[in-house]
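Peer 1: This is what each chain is made of:
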Amino acid sequence: MIAVEQLTKTYGARAALDHVSFEVPQREIFGFVGPNGAGKTTTLRILAALLEPTDGKAYIDGADVTKDREKVHSKIGYMPDFFGVYDQLTVGEYLDFYAACYRQPKQRRQKIVDDLLALVGMTERKHQLVDTLSRGLKQRVCLARALVHDPAVLLLDEPASGLDPRARVEMREILKELQGMGKTIIISSHILPELTELCTMIGIIDHGRMRATGSVRDVIARLSSGRRLRITVIEERDAALEILTPLAFVRHAEAVNGAIEAEYDGDEKTASDILSALIGAGIHVSSFAPVDGGLEDAFMRATSEEVG
Amino acid sequence: MNEVVGALWNPIVAKEYRTRMRTWRSPFAITLYIVLLGGIAWAIFTVMSLTATGQFGGSPTNYGQQLFTFLILFQVALLAFITPALTAGSISGERERQTIDLLFVTPIRPFSIIWGKLLASLSFVVLLLVISVPIFSLVFLFGGIELDQMLYSFAVTAMTALTLGFIGVAFSTLFRRTLVATVAAYGGAFVLLAGCYLYGFLFPVVADPNATTTPAPPAITLISPVIPLLTIATNAPVPLYGVRYPNGGYGLAGGGNSGACATQPNGATFCSTAISGVKGGGTLSPTGVVQSGGGPTIATGLFQGWQYWQASIVMQVMICLVALGLSALVLPPVHRFRLRRRPAPARVQA
Chain A
1 MIAVEQLTKT YGARAALDHV SFEVPQREIF GFVGPNGAGK TTTLRILAAL LEPTDGKAYI
61 DGADVTKDRE KVHSKIGYMP DFFGVYDQLT VGEYLDFYAA CYRQPKQRRQ KIVDDLLALV
121 GMTERKHQLV DTLSRGLKQR VCLARALVHD PAVLLLDEPA SGLDPRARVE MREILKELQG
181 MGKTIIISSH ILPELTELCT MIGIIDHGRM RATGSVRDVI ARLSSGRRLR ITVIEERDAA
241 LEILTPLAFV RHAEAVNGAI EAEYDGDEKT ASDILSALIG AGIHVSSFAP VDGGLEDAFM
301 RATSEEVG
Chain B
1 MNEVVGALWN PIVAKEYRTR MRTWRSPFAI TLYIVLLGGI AWAIFTVMSL TATGQFGGSP
61 TNYGQQLFTF LILFQVALLA FITPALTAGS ISGERERQTI DLLFVTPIRP FSIIWGKLLA
121 SLSFVVLLLV ISVPIFSLVF LFGGIELDQM LYSFAVTAMT ALTLGFIGVA FSTLFRRTLV
181 ATVAAYGGAF VLLAGCYLYG FLFPVVADPN ATTTPAPPAI TLISPVIPLL TIATNAPVPL
241 YGVRYPNGGY GLAGGGNSGA CATQPNGATF CSTAISGVKG GGTLSPTGVV QSGGGPTIAT
301 GLFQGWQYWQ ASIVMQVMIC LVALGLSALV LPPVHRFRLR RRPAPARVQA
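Residue numbers (my numbering), protein chains in the order written: chain A, 1 to 308; chain B, 1 to 350.
Derived by calculation from the structure, the hints in this document are not laboratory data.
Quick caveat: nothing in here was measured; it's all calculated off a predicted structure.
We put the beta carbon where it would ideally sit given N, CA and C, even for glycine.
Zero decoy hints are in this set.
Selected chain B positions facing chain A (in silico; Cβ < 8 Å):
| hint | residue |
| --- | --- |
| 1 | R18 |
| 2 | Q98 |
| 3 | T99 |
| 4 | D101 |
| 5 | L102 |
| 6 | L103 |
| 7 | F104 |
| 8 | V105 |
| 9 | T106 |
| 10 | P107 |
| 11 | P333 |
| 12 | V334 |
Please work from the sequences and hints to get the whole structure.
Peer 2: Put into structure tokens, the structure is as follows:
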């Protein structure tokens, strides 16, 4: 549904995007993760045909974003990382205005507005001025605005930015519902844990370069080259560290909050070898478990200078 | 056809009407406008009455003409203050509110965005012109001004407001900040109204001392509505404006210095100075009412044979088209035509 090929955008000598490529199949939720200034917004603006790339191609459902702009605009719902609301317009009028801009027939617009307000749970706010809404409610209105022409693709730039935990959960529920409606969604964010649950795919971008892309599990596995174990022993912590440190496959071991954390290269067999070594040396192990760094860990690794 | 109607009457117009009229600023501007225009009318009338009483003179015809002249010029000046304020924030305001991208991703074309903004702003200006009609109708109590003079004057005034609106939107498109766009729009208004008018004093046409016709001022001076409005109101060319005689005199070879008259190419006779309150250029009917409400025709130059107001409107239309074209060219986020395309750098190896 979305294909990005060697996308490059330069501003003078600085490359905002450096040959970025990824694909998002239909009905997937693609989490676009990266620190501030990594190139997320630039990529989304190019996909929304609001910015011309210096080089490379991008397609939305087969439509070239540099050549078939009108076709691209008809297929996408774009929600930028700011609200973009007008003073003096009620929620209903605001959505009706954009529905009219998208050339929705006048007789259908009222139903569209009512349906969208029901979707984002704001039916009772229809006659409230948009500018007086809270941040979370504005975000919901902006999401509704992106849906007025029933687009197949949603490009959401930091939709959860600045929201309180409850609003984030509500936004996540709405996005899941949209996925159920068959939408293909790209979400950019630097709030990582919520993407772990929501997204089916992920792309990590840093300094304009795509560090990793694929399913959430694959990306985490690919980036987690050094696995971690948390080991709790009974009164023999120093002895346990003396046993672990010389082992060839243990990269690093240290005492952390009353337990031992050991980073190692290998798989589950290697973990069982570590446990055997400890038990063989007479260490009383009370707990032995892998530490799951999840997306946060993968992100930190991917965006660190060492990982290319 | 539907495409054209859709481009000219688009949702932006309705939205602009709605948001504009819901603020306190619009009723305040309307009230202030009427108070100022009514106030100046009252002040002028009072001064004229006192002057007439003191001198035991003054004709009612002259009252009406003078009142009209002051009012129409004051109205243009007022609109020169109001129109840039209405239009200079139209596009830059969308940028500052960060709503412009949201419009760009809709099927609405950049031209329609500009047109919608213009139409909404200029509708407000038209509203101001319409509500000023009762004040201008005071002129008819005294006579001296015909209905067609009023209509031509309003046409020039409306065209000037339109031009200032187009200039305001063009600057609003060019500059990202409303403050900068507003300053530039007021600068543009000053150049258009005062600058072009002063050009006639600074760079007058050098008249041939042997010519039998009064040369017209430089064409550029007619961009300003001041001279066209004066010619409509007085039904005569403005004496000694924009023309310099090499011998230092003021008259033509065929006439004297004062009250010199010349024959126009169209056969009409013009006098270069005032004749008993009603300045030359028109022909006097038996009842003393000046005919040919559009004022005199231009004697020489690019617009020879045209009336001053016609030339002014044509030049302002050209400015509008340039401003509209410039706005439509600059506004789109992605331009169709580029002078050159920079090659992308090779991928940086980590």
